[in-house]
Amino acid sequence: MKANKKKTKKERINMTNKKPEKLIDKKGIRLDGRKLDELRPVKMEVGVLPNADGSAYLEQGKNKILVGVYGPKEAHPRHIAQQDRAVIQCRYHMAPFSVDERKSPAPSRRDVELSKVIREALEPAVFLEYYPKTSIQVYIEILQADGGTRCAGITAASLALADAGIPMRDLVVACAAGKADGKLLVDLMDTEDKVGEADVPVAFMPNLNAITLLQMDGSLSVDEFENAISMALDGCKQLYALQKEALKSKYVAVEEAEEE
Amino acid sequence: MTSSPIVVRVKKKRIVELLASGKRVDERGLTDYREIQLESGVIERAEGSARVHLGKTDVLVGVKIATGAPFSDVPDKGVLTVNAELVPSASPSFEPGPPGEDAVELARVVDRGIRESKAIDLEKLCVESGKLVFVIFVDVYVLNHDGNLIDASAIAALAALINTKMFKYTVEDGKIVKKPGYTPLPIINYPIAVTFAKIGDKLVLDTELDEEQVMDARLTMTMDKDGKICAIQKGGGSGYFTKEEISEAAKIALKKTEELRKIVVKG
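Chains U and C, in that order, give the protein sequences. In case it helps, the numbering used here puts the first sequence at residues 109 to 368. In case it helps, the numbering used here puts the second sequence at residues 573 to 839.
In case anyone wonders, no lab produced these hints; they're calculated from the structure. Glycine is no exception: its CB is placed at the ideal position from the N, C-alpha and C atoms. Possibly wrong hints are sitting among the right ones.
In the DSS-like style, the derived pairs of lysine-lysine whose C-alpha atoms are separated by at most 25 angstroms in a straight line are [claimed, not checked]:
1. K211(U) x K649(C)
2. K291(U) x K690(C)
3. K358(U) x K241(U)
4. K241(U) x K224(U)
5. K352(U) x K797(C)
6. K696(C) x K649(C)
7. K241(U) x K703(C)
8. K585(C) x K241(U)
9. K352(U) x K170(U)
10. K696(C) x K302(U)
11. K797(C) x K302(U)
12. K649(C) x K740(C)
13. K345(U) x K747(C)
14. K291(U) x K740(C)
15. K649(C) x K636(C)
16. K636(C) x K302(U)
17. K291(U) x K823(C)
18. K130(U) x K797(C)
19. K584(C) x K224(U)
20. K302(U) x K583(C)
21. K172(U) x K345(U)
22. K291(U) x K815(C)
23. K172(U) x K352(U)
24. K690(C) x K130(U)
25. K747(C) x K797(C)
26. K302(U) x K703(C)
27. K211(U) x K703(C)
28. K224(U) x K815(C)
29. K747(C) x K636(C)
30. K823(C) x K241(U)
Covered by chain U, per the in silico footprint, the following chain C stretches (three or more residues, Cβ under 8 angstroms) [as the list claims (entries may be wrong)]:
31. 606 to 620
32. 791 to 803
33. 816 to 826
Generate coordinates for the entire structure from the input sequences, incorporating the hints supplied.
Structure follows, in structure tokens:
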């Protein structure tokens, strides 16, 4: 520990990976300097992959996430095709180097579950009935993980779907809330998720007031849970504004270039 | 599942029309469960077991105990592993082969309820810190599928854990030596899952398969003995919930989990 003395508290936690004693200080400030209701810095960019029909790159804190969308195209294998609508094939995948201990690239049970719930979070947004018998492929690659990757993956995936020109009822945006050191907080980073008392990821379509993903683990009273959802939805609304900005900054720029 | 979209639409129309007047196909109330039959200790070879009939849904859970190394981040805790098998004979939509996403989700939702409520005192299952702990395997075996597998499986899993007997042992030279006699597993919480289906604008509990095939979305809430929420999972298709619906579901779940817990935990 002596060698670490000069490091800041935050760096020390990252280096030793030890449980910090406190996640929130007396003033209500978190390990990375955020307030309880403050999101991590977010960067979003669309149209980053030349080969994909649509794509997006998102950074949220240390999360780095790349999403590519292909389709709608003929469903493969054919038995997955639906006669009256398109299907979404979604893969949530973590790069082996995205976490402290190398993760096997083979899908874990967690990956299988997340791929399913992310797909179900996106489905309500897409006009699937416009493209019967086809498949829309959504590939979410977690390049670096720091808590809240399923939410960040959804936020990025809906940008990539929009970038692919697939008609949608609304963008889907996701954000988690949770509890740590007895306090409710938003957009949990990895340490807060692992050490904290509860994690509630929520995906939302703001214009339709529709919650399309909801999970929870930990322990919350019903009142705390309702407050956590409200906090997560507030986070979603902030991210939603950034999503729209990201789309505008690509497409408005394109439009302006064409006008000139 | 395998039914064609047209049949599902006809069925859905009928189910939604009935629900609008507060009725269900089998005349239950919207939050009524089907008859629940619970039988414990049905498999003698397993350390614990239970079989739950929820209407025609039939789930068998067996618990096996082994020893192994703990996870390095929790060196002084036993290991819990939940697995689910959708037996091919249980439904025309189940196929043999490695677990698909439905089986994985079922196992993980049941797992989350047990784990997050700290139902098993895993610290008591440590033999030697960092080296040797007990591993509890909970295997969910779906024998017949007529809807609401999550709730039936969660009840059966909890009942099987309560039913589980561990052999007594002493530790000699870092090895486990069996002694005569048995002790129950250290169960200290009792998570119960209730799963809502949203059909049209109604929330319905304990769906049978027909209802499940036409539902817009599903929401599982697992609550512990103190009425705290310990796990939630939204799933089941391309529908969504509003915040108001989720609040309503939480209130109903609080009452319903308490009712159901009495079936599993006697006295």
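Quick rundown of the hints versus the structure:
1. Note on K211(U) and K649(C): the hinted pairing holds, with a Cα-Cα distance of about 23 angstroms set against a maximum of 25 angstroms.
2. Our distance criterion of 25 angstroms between C-alpha atoms is met by K291(U) and K690(C), whose separation comes to about 20 angstroms.
3. Of the supplied pair hints, the one linking K358(U) and K241(U) is violated, its CA atoms being roughly 31 angstroms apart against a limit of 25 angstroms.
4. This hinted pair checks out: K241(U) and K224(U) have alpha carbons roughly 20 angstroms apart, not beyond 25 angstroms.
5. The straight-line distance between the Cα atoms of K352(U) and K797(C) is roughly 44 angstroms, outside the 25 angstroms bound, and the hint therefore fails.
6. As the CA atoms of K696(C) and K649(C) are separated by approximately 7 angstroms, the hinted pair is consistent with the 25 angstroms bound.
7. Simply put, K241(U) and K703(C) have alpha-carbon atoms about 53 angstroms apart, too far for the 25 angstroms limit, and the pair is violated.
8. Between K585(C) and K241(U) the CA atoms are separated by roughly 24 angstroms; this keeps the pair inside 25 angstroms, and the hint holds.
9. In summary, the hint linking K352(U) to K170(U) is supported, as the alpha carbons are separated by about 22 angstroms, within the 25 angstroms threshold.
10. For the hint linking K696(C) to K302(U), the alpha-carbon distance of about 22 angstroms falls within 25 angstroms, and the restraint holds.
11. Annotation: proposed proximity of K797(C) to K302(U) holds, straight-line Cα distance about 23 angstroms (limit 25 angstroms).
12. Of the pairs offered as hints, the one joining K649(C) and K740(C) holds, with about 18 angstroms between alpha carbons and a cut-off of 25 angstroms not exceeded.
13. For a cut-off of 25 angstroms, the pair hint linking K345(U) to K747(C) is broken: about 56 angstroms separates their Cα positions.
14. Taking the CA atoms of K291(U) and K740(C), the gap is about 42 angstroms. The hint is violated against a cut of 25 angstroms.
15. A distance of roughly 17 angstroms separates the Cα atoms of K649(C) and K636(C); the hinted pair therefore holds under the 25 angstroms criterion.
16. For the hint pairing K636(C) with K302(U), the CA-to-CA distance comes to about 28 angstroms; that exceeds 25 angstroms, so the pair is violated.
17. Of the pairs offered as hints, the one joining K291(U) and K823(C) holds, with about 22 angstroms between alpha carbons and a cut-off of 25 angstroms not exceeded.
18. With a C-alpha separation of about 28 angstroms, the suggested pair K130(U) and K797(C) falls outside the 25 angstroms cut-off, and the hint is violated.
19. This hinted pair checks out: K584(C) and K224(U) have alpha carbons roughly 24 angstroms apart, not beyond 25 angstroms.
20. Between the alpha carbons of K302(U) and K583(C) the distance comes to roughly 44 angstroms, so the proposed pair goes past 25 angstroms and is violated.
21. The hinted pair formed by K172(U) and K345(U) meets the criterion: a straight-line CA distance of about 21 angstroms does not exceed 25 angstroms.
22. Distance check on the hinted pair: K291(U) and K815(C) sit about 21 angstroms apart at the alpha-carbon level, within 25 angstroms; holds.
23. Proximity of K172(U) to K352(U) is assessed by CA-CA distance (about 19 angstroms); at most 25 angstroms being required, the pair is judged to hold.
24. At roughly 22 angstroms between alpha-carbon atoms, K690(C) and K130(U) fall within 25 angstroms of each other, so this suggested pair holds.
25. Distance check on the hinted pair: K747(C) and K797(C) sit about 36 angstroms apart at the alpha-carbon level, beyond 25 angstroms; violated.
26. Using a Cα cut-off of 25 angstroms, the hinted pair K302(U) and K703(C) holds, with the two alpha carbons roughly 23 angstroms apart.
27. Taking the CA atoms of K211(U) and K703(C), the gap is near 23 angstroms; set against the 25 angstroms cutoff, the hint holds.
28. Between the alpha carbons of K224(U) and K815(C) the distance comes to roughly 22 angstroms, so the proposed pair stays at or under 25 angstroms and holds.
29. Of the pairs offered as hints, the one joining K747(C) and K636(C) holds, with about 19 angstroms between alpha carbons and a cut-off of 25 angstroms not exceeded.
30. A distance of roughly 40 angstroms separates the Cα atoms of K823(C) and K241(U); the hinted pair therefore is violated under the 25 angstroms criterion.
31. Judged by the Cβ-Cβ criterion of 8 angstroms, the segment 606 to 620 of chain C is not covered by chain U as claimed, because only 0 of its residues qualify and three are needed.
32. Under a criterion of three residues with beta carbons nearer than 8 angstroms to beta carbons of chain U, the stated coverage of the segment 791 to 803 of chain C is upheld, 7 such residues being counted.
33. Counting residues of the segment 816 to 826 of chain C whose CB lies closer than 8 angstroms to any CB of chain U gives 5, so the stated coverage by that chain holds, three being the minimum.
Violated hints, listed in ascending order, are 3, 5, 7, 13, 14, 16, 18, 20, 25, 30 and 31; each of the other numbered hints is respected by the structure.
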